[in-house]
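**Q** Next come the chains, spelled out residue by residue.
Number of protein chains: 4
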Amino acid sequence: MNSFGRLFRVSIFGESHGDFVGVNIDGCPAGIGMAAADFAEDIERRKPGAKGTTPRKEDDIPQFISGVFNEKATGAPLTILFKNSNTRSGDYEKQRAVPRPGHADFVAHKKFNGFEDYRGGGHFSGRLTVAIVAAGVVAKKIIESISTGNKIGIHSTILEIGGETDIEKGLQKAIDEKDSVGGIVECRVNNLPIGLGEPFFDSAESIISHAVFSIPAVKGIEFGAGFAAAKMFGSQHNDALINADGTTKTNNAGGILGGITNGNDLVFRIVVKPTSSTPKEQQTLNSETGNVEPFSVKGRHDLCIALRVPVILEAVTAMVIADLMLITKK
Amino acid sequence: MNSFGRLFRVSIFGESHGDFVGVNIDGCPAGIGMAAADFAEDIERRKPGAKGTTPRKEDDIPQFISGVFNEKATGAPLTILFKNSNTRSGDYEKQRAVPRPGHADFVAHKKFNGFEDYRGGGHFSGRLTVAIVAAGVVAKKIIESISTGNKIGIHSTILEIGGETDIEKGLQKAIDEKDSVGGIVECRVNNLPIGLGEPFFDSAESIISHAVFSIPAVKGIEFGAGFAAAKMFGSQHNDALINADGTTKTNNAGGILGGITNGNDLVFRIVVKPTSSTPKEQQTLNSETGNVEPFSVKGRHDLCIALRVPVILEAVTAMVIADLMLITKK
Amino acid sequence: MNSFGRLFRVSIFGESHGDFVGVNIDGCPAGIGMAAADFAEDIERRKPGAKGTTPRKEDDIPQFISGVFNEKATGAPLTILFKNSNTRSGDYEKQRAVPRPGHADFVAHKKFNGFEDYRGGGHFSGRLTVAIVAAGVVAKKIIESISTGNKIGIHSTILEIGGETDIEKGLQKAIDEKDSVGGIVECRVNNLPIGLGEPFFDSAESIISHAVFSIPAVKGIEFGAGFAAAKMFGSQHNDALINADGTTKTNNAGGILGGITNGNDLVFRIVVKPTSSTPKEQQTLNSETGNVEPFSVKGRHDLCIALRVPVILEAVTAMVIADLMLITKK
Amino acid sequence: MNSFGRLFRVSIFGESHGDFVGVNIDGCPAGIGMAAADFAEDIERRKPGAKGTTPRKEDDIPQFISGVFNEKATGAPLTILFKNSNTRSGDYEKQRAVPRPGHADFVAHKKFNGFEDYRGGGHFSGRLTVAIVAAGVVAKKIIESISTGNKIGIHSTILEIGGETDIEKGLQKAIDEKDSVGGIVECRVNNLPIGLGEPFFDSAESIISHAVFSIPAVKGIEFGAGFAAAKMFGSQHNDALINADGTTKTNNAGGILGGITNGNDLVFRIVVKPTSSTPKEQQTLNSETGNVEPFSVKGRHDLCIALRVPVILEAVTAMVIADLMLITKK
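Chains as they are written, first to last, in the working numbering: chain A, 78 to 407; chain B, 78 to 407; chain C, 78 to 407; chain D, 78 to 407.
Hints may be right or wrong, so weigh each one.
No distinction is drawn between identical chains; accordingly, a pair holds when it is met within one copy or between any pair of copies.
SDA-like mimics (lysine to any residue), calculated; alpha carbons at most 25 Å apart, straight line [claimed, not checked]:
(1) 308 to 229
(2) 228 to 148
(3) 308 to 265
(4) 357 to 177
(5) 406 to 268
(6) 149 to 319
(7) 187 to 107
(8) 160 to 141
(9) 406 to 224
(10) 171 to 140
(11) 187 to 327
(12) 149 to 173
(13) 149 to 78
(14) 228 to 118
(15) 149 to 119
(16) 187 to 110
These are calculated hints, taken from the structure and not from any lab test.
Could you build all of it, start to finish, from the sequences and the hints given here?
**A** As structure tokens, this is what we get:
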């Protein structure tokens, strides 16, 4: 299904070149504040414009279609639209025969039997992440509203771009090479209650990774020590419990044991692949000629999509936490 | 919830020291063969006994409680039990004050308010993976029964143990150090149809990782080039389409684009943390004394749980594929 | 949750006095025709205007926000909006202290802690049934597209209004009494495949009644002989199988045995309570004065909401059948 | 799916002539008491033996396979088995060509392509209702444990048997006619909190009827005034609110308005069709001869299955209430 969550359920919809993209949220408790201004900061963080990001500009003011009254959630299904103000009607019909490398063009065509909206990636467009960010804002509000302890903080940081921890340097590499680059982003959540998640199929790692891989371009995730654990001894990896509140001496588990949050910081990292639309010439099959031919991307694009991922990563993490807290707390 | 799948739905249950562990499967098509002998090979592969694994022995003959008639699935809910023949009744009550490092003891106690079955890890025990393996056998049968193309093959391989690609060497390291080690396991699936998965929340990566993190001790997953993508340029990472059947020149995407399988081999790797029960002395909080005290594991355990993971990894992968094929094919 | 269906999943949203009501549909197969004109007939049937119905007029032209391209479903989530053109901004704030008898005012206030949109019934408004009707149109198209046998026909008929089988007479009773009346509506589906539904929890009766009670004002449902079965002998009620295609001599089962469709016409009847907004003076508690006081409905309303139910009943029935056919057929 | 509930999820399994029938429950809170003795009363109420019921006797002592430790729920998935001690191995193979009128034999054969367990009705057997009764006992315990107000009481009463309110008289009718009879059963729940249920698709009526139609032989349900509402005026049917706690003067709504419980008694009635296995000769198609032939039921059966329904009806009602309370309360 194209939705996520059990008690806080998010469905996103829309296409790159449609009139709107949007989100339908089921399970937002009544009374949560829903002023458009509350969404501005996170939506701004997602916006392009910085070095290495695409210049496509959208106003991205949330339009509340349902579930909001007097700037508060009513408890009924919540629908938010974002206008697509900047859709240039390109000559997409011609490009159909040439699936862009790294993009969903080929699989979309196959999966939807040729009925897909192929303009600008259609439903597969990164444009839909604005709807995810909006859902994240709502989720953060819910977390704050139902949390009984210290304020739960969700923070994402870029660790690496193009293999460099100096982000500017990584971007410059892409500019110099006239190519695109990827990166690694870390998310940390503190003050999370103990006990979120289930022993097997709905382990905290299961639910988080499920949500995280809905972000386009993410190709890997690791919790705590992650892949480095493969080279550690058990005595090194195990975190010694040192406090009755769950605090451990180290945090190689990334805050999750047996699928359940253990009271330490939740820590995980994701890898974001290089932007598929690279300025460099590539190759792909032209289905009309039947030949593998050179391919060049038209227009300007993000050199590094990872730059825009942090706020989206926080959003899906918040969605997970809100849902697990609603399920667990009672 | 403690179940997985939409049309092929698997629920596992049981405890380490209960009479049985088992699995309830909803959505197994009528007519699928269900002879106990069909389960023997995969169950054997999961069994302990080899170097580096625990000597606990179970017969593990599947007992069909429902949904099977004349050695065929009836289409009604399928229940399979496995007898726990080898449960030694240890002095678990005393050990409760001392949560084992790396285990779920502490979180289980908190999450279930002290009512958890604490004997041998209770419901969190790796013992339940025999139920997952059984579900995997059923899933493989379904895949074969509904597949219309070449035989879909699901194969897991251990890539590294204790940081060594020579597995024996990695194990020897653990033995020499009197410690436990982790490892990296790869799963490959060939002949998968194009079009499994959804664009965002139920991307193929989302569903697979959801299932994979239900395996105890898994702490990371990466698809195709995975974390290495963070150091690649876009022109390197993009896979050039070279054939109308979806074949690409390289497979850095690991067989998934835009969340959808693209006709190439599905390839992903997971990291398995070192076995939590290590022979080495560790530390943990004694809740009775209130002190952090030295802790030693009693009895014998797997030195490297990763050794037993391949068949379990294949099982959850088969569960995902069976479910996605049932959903997608129609 | 505020959605229905497993593979064909419908979520409706909106409020009586919001800008739009709408529907989000997940699982509509790609290629299904989606011209606005295709919706006209059913939407017209739902419209007020006839004798006994409210004069509120809406244009009700579906606006496709997502999932449609070149008048065909793309396979991505489908969103349809309907503009609320006729929302008079009444003095609703004042009326809050006086919950209307038979309406959801009181429960909405309690359930949503006073944050409900109380204008014109808010989210509880019958206005949202236009979104259900739209989902029904989509469902009928899917049924036609995946059906392999004779055309499946879904038809609702009003059997009784105000206790009279002569509908005009029943309405006249309401007009004469200056009161509202209810009715009984029957739904019949022919050419349904054998085998839809599950033995227990998702019996065909379970799923159908689940959907049917989402229609406001429905207070009962019966299949085949229904409540009359309580006075029959088994030898009378049992339907003798007379043909290998499943045809039975009688159809007291209403086309369902053991929870599964049996190849005969699906037949069920529902009761629609009298319109809650009756012209007659009633009583209710004024929460400001604390007194039970006389209450009179302002404005004009449907005298008999049952008149508008048939097309909505067909819609939810089509939703069920589309979903069950997608699940069962494979 | 063959399961019910969102947070309190019940799956039943088994066949009439298998070794066991059983239930798997996901979402039972840790600490709920689980002594076998707690189940005795309700299981006893379901048992045959009374006038008009079948003499098949089962001990029906619950065997806790998982999720119970020291006679308390652990919070892990709960599995309960009931031994089928009384399965006579009849000559079922021969009877396959002759589907019993009123039973699921024909649809089971079609739906499951001939792989169904046909012995004694297989999975469709009323025998599985013992598993539902067990789930109901658990549900009642949960309701009591999470309820904050007066004790919620769930009580079913037989209103009519064979068209007679004097139940003995109705049964005698069946005995005299050598036929089977049906009946009407009412369920009442008091002290239910206000606010359970959702406005449309998951209205309280939707969820209750969904659960209720999982009981074999139920063919209709009505809430409050039910079908009688079709003959009432709005001013008669509307219940005047007379107290701030939600109490209304009358209860024609049966305790539900706008799909939401309103603080009055929940009241609904169901019709149970006459037992399909009637002593009277009937007709059915013999698939071997291709002829419609006389058919006689072998062995002894319930003359009136409605007699055993009350405790099952309470069970499914308790399942619904437990689930809705877990969802709503927070």
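**Q** All hints are to be evaluated individually against the structure, with a verdict given for each.
**A** A quick look at each hint next to the structure:
Neither within a single protomer nor between protomers do residue 308 and residue 229 lie at most 25 Å apart by alpha-carbon distance, with minima of 32 Å and 32 Å respectively. When the C-alpha separation of residue 228 and residue 148 is checked against a cutoff of 25 Å, the pair qualifies only within one copy, where the shortest distance is 23 Å, while the shortest distance between copies is 38 Å. For the homomeric pair residue 308 and residue 265, the shortest alpha-carbon distances inside one copy (23 Å) and between copies (23 Å) are both at most 25 Å. For the identical chains of this complex, residue 357 and residue 177 are intra-copy neighbours only, at 12 Å inside a copy versus 53 Å across copies, given an alpha-carbon limit of 25 Å.
Taking identical chains as interchangeable, the C-alpha atoms of residue 406 and residue 268 lie at most 25 Å apart whether they share a chain (15 Å) or sit on different chains (24 Å). In this assembly of identical chains, residue 149 and residue 319 lie within 25 Å of each other by CA distance neither inside one copy nor across copies; the values are 43 Å within and 30 Å between. Taking CA atoms no more than 25 Å apart as the test, residue 187 paired with residue 107 passes between copies only; the shortest distance there is 11 Å, against 42 Å inside one copy. For the homomeric pair residue 160 and residue 141, the shortest alpha-carbon distances inside one copy (12 Å) and between copies (14 Å) are both at most 25 Å.
Taking the shortest alpha-carbon separations for residue 406 and residue 224, both the intra-copy value of 9 Å and the inter-copy value of 15 Å come in at or below 25 Å. For a Cα distance limit of 25 Å, the shortest separation of residue 171 from residue 140 qualifies neither inside one copy, at 34 Å, nor across copies, at 28 Å. In this assembly of identical chains, the alpha carbons of residue 187 and residue 327 lie at most 25 Å apart only when taken from different copies (20 Å versus 48 Å within one copy). Taking CA atoms no more than 25 Å apart as the test, residue 149 paired with residue 173 passes between copies only; the shortest distance there is 17 Å, against 44 Å inside one copy.
Proximity of residue 149 to residue 78 under the C-alpha cut-off of 25 Å is restricted to the inter-copy arrangement: shortest distance 20 Å between copies versus 28 Å within a copy. For the homomeric pair residue 228 and residue 118, the shortest alpha-carbon distance inside one copy (19 Å) is at most 25 Å, but the shortest distance between copies (48 Å) is not. Taking identical chains as interchangeable, the C-alpha atoms of residue 149 and residue 119 lie at most 25 Å apart only when both belong to the same chain, with a minimum of 19 Å there against 34 Å between chains. Taking the shortest Cα distances, residue 187 and residue 110 sit within 25 Å of each other only across copies (19 Å), while inside one copy they are farther apart (42 Å).
Taken one by one, the earlier hints fail for this structure at numbers 1, 6, 10, listed in ascending order.
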